[in-house]
Amino acid sequence: MITVGLTGGIGSGKSEVARRLAARGAVVIDADVLAREALAPGTDGLAKVVAQFGDAVLSPDGSLDRPGLGRIVFADPQRLAALNAIVHPYVGRRSQELIAAAPADAVVVYDVPLLVENNLAPSYDVVVVVDVPPETQLARLTQQRGMTEADARARMSAQAAREQRRSVADVVIDNDGDLKSLDAQVAQLWADLRRRR
Numbered sequence: 001m002i003t004v005g006l007t008g009g010i011g012s013g014k015s016e017v018a019r020r021l022a023a024r025g026a027v028v029i030d031a032d033v034l035a036r037e038a039l040a041p042g043t044d045g046l047a048k049v050v051a052q053f054g055d056a057v058l059s060p061d062g063s064l065d066r067p068g069l070g071r072i073v074f075a076d077p078q079r080l081a082a083l084n085a086i087v088h089p090y091v092g093r094r095s096q097e098l099i100a101a102a103p104a105d106a107v108v109v110y111d112v113p114l115l116v117e118n119n120l121a122p123s124y125d126v127v128v129v130v131d132v133p134p135e136t137q138l139a140r141l142t143q144q145r146g147m148t149e150a151d152a153r154a155r156m157s158a159q160a161a162r163e164q165r166r167s168v169a170d171v172v173i174d175n176d177g178d179l180k181s182l183d184a185q186v187a188q189l190w191a192d193l194r195r196r197r
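So in this note's numbering, spot 47 of the sequence shown is number 47, and the numbers just go up one at a time.
Source of the hints: derived by calculation from the structure; they are not laboratory data.
There may be inaccurate statements among the hints.
As the list claims (entries may be wrong) - So the derived label-pair ranges between C-beta atoms look like this:
#, residue 1, residue 2, range
1, Leu80, Ala187, 30 to 38 Å
2, Pro77, Glu135, 20 to 28 Å
3, Asp32, Arg196, 21 to 29 Å
4, Arg197, Asp76, 36 to 44 Å
5, Gly62, Ala100, 28 to 36 Å
6, Asp105, Gln188, 17 to 25 Å
7, Ile99, Arg79, 24 to 32 Å
8, Ala100, Ala191, 23 to 31 Å
9, Ala161, Asp61, 34 to 42 Å
10, Asp76, Asp176, 26 to 34 Å
11, Val50, Arg93, 19 to 27 Å
12, Glu135, Leu80, 23 to 31 Å
Cβ coordinates follow ideal geometry from the N, Cα and C atoms, glycine included.
The whole structure should be built from the sequences, with the hints applied where relevant.
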């Protein structure tokens, strides 16, 4: 088994790389999916978030109002830390369960946005950073995700700087080009990972 930490700033296209690796046979563990599980209706995690942030973070149907919570936590590092203290233990436990269930010869790709922020690089055999310039991130977040520029900048500034991510990378995927370029880079990465495995 080889473990790969896949990261990149918000809007970098990390999920596109993860999808392409999964299509080639990688076992992909998505930290964002696990974070959503941690805060699903009826979970202890959601109850803790409501206790911490109040009923205002709930949608009318009782589910988490993610954009509303995002506006709170990405404007205040202490509130973000409080949210992370609720979510991260669940994500860590569930990740270990999924890694343990993977085949012995698997390429396990852990799609984790906060790899650098949480000093997780040493936990993986290979660290892959999907990289784009900040102006590309901003354009994608406002044009494709419909964020306001202020919300997009707040989320970007809550993450590690581009240089910090690149400094821990074993492999950098440049995703500022077209999909053909991305496909070629992922194909090369997959070949390299299979050799290392």
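Status of the given 26 to 34 Å range, CB of Asp176 versus CB of Asp76: holds, 31 Å
23 to 31 Å as the expected CB spacing between Ala191 and Ala100, which holds or is violated: The hinted range 23 to 31 Å holds for Ala100 and Ala191, with Cβ atoms some 27 Å apart.
Assessment of proposed distance window 23 to 31 Å (beta carbons of Glu135, Leu80): holds, 24 Å
24 to 32 Å as the expected CB spacing between Arg79 and Ile99, which holds or is violated: Holds - the Cβ-Cβ distance for Ile99 and Arg79, about 30 Å, lies within 24 to 32 Å.
CB-CB spacing for Arg196 and Asp32 relative to the 21 to 29 Å hint: The hinted range 21 to 29 Å holds for Asp32 and Arg196, with Cβ atoms some 26 Å apart.
Leu80 versus Ala187 beta-carbon gap, inside 30 to 38 Å or not: holds, 36 Å
Beta-carbon spacing of Ala161 to Asp61 - inside the hinted bounds 34 to 42 Å or not: holds, 37 Å
Outcome for the supplied range 20 to 28 Å, where the beta carbon pair is Pro77 and Glu135: holds, 24 Å
Distance restraint hint 17 to 25 Å, applied to the beta-carbon atoms of Asp105 and Gln188: holds, 20 Å
Satisfaction of the hinted span 36 to 44 Å by the C-beta atoms belonging to Arg197 and Asp76: The hinted range 36 to 44 Å holds for Arg197 and Asp76, with Cβ atoms some 42 Å apart.
Consistency of beta-carbon spacing, Ala100 to Gly62, with hint 28 to 36 Å: The hint (28 to 36 Å, Cβ to Cβ) holds, given that Gly62 and Ala100 are roughly 33 Å apart.
Range hint 19 to 27 Å (beta carbons of Val50 and Arg93) holds or violated: The hint (19 to 27 Å, Cβ to Cβ) holds, given that Val50 and Arg93 are roughly 21 Å apart.
The structure agrees with every numbered hint stated previously.
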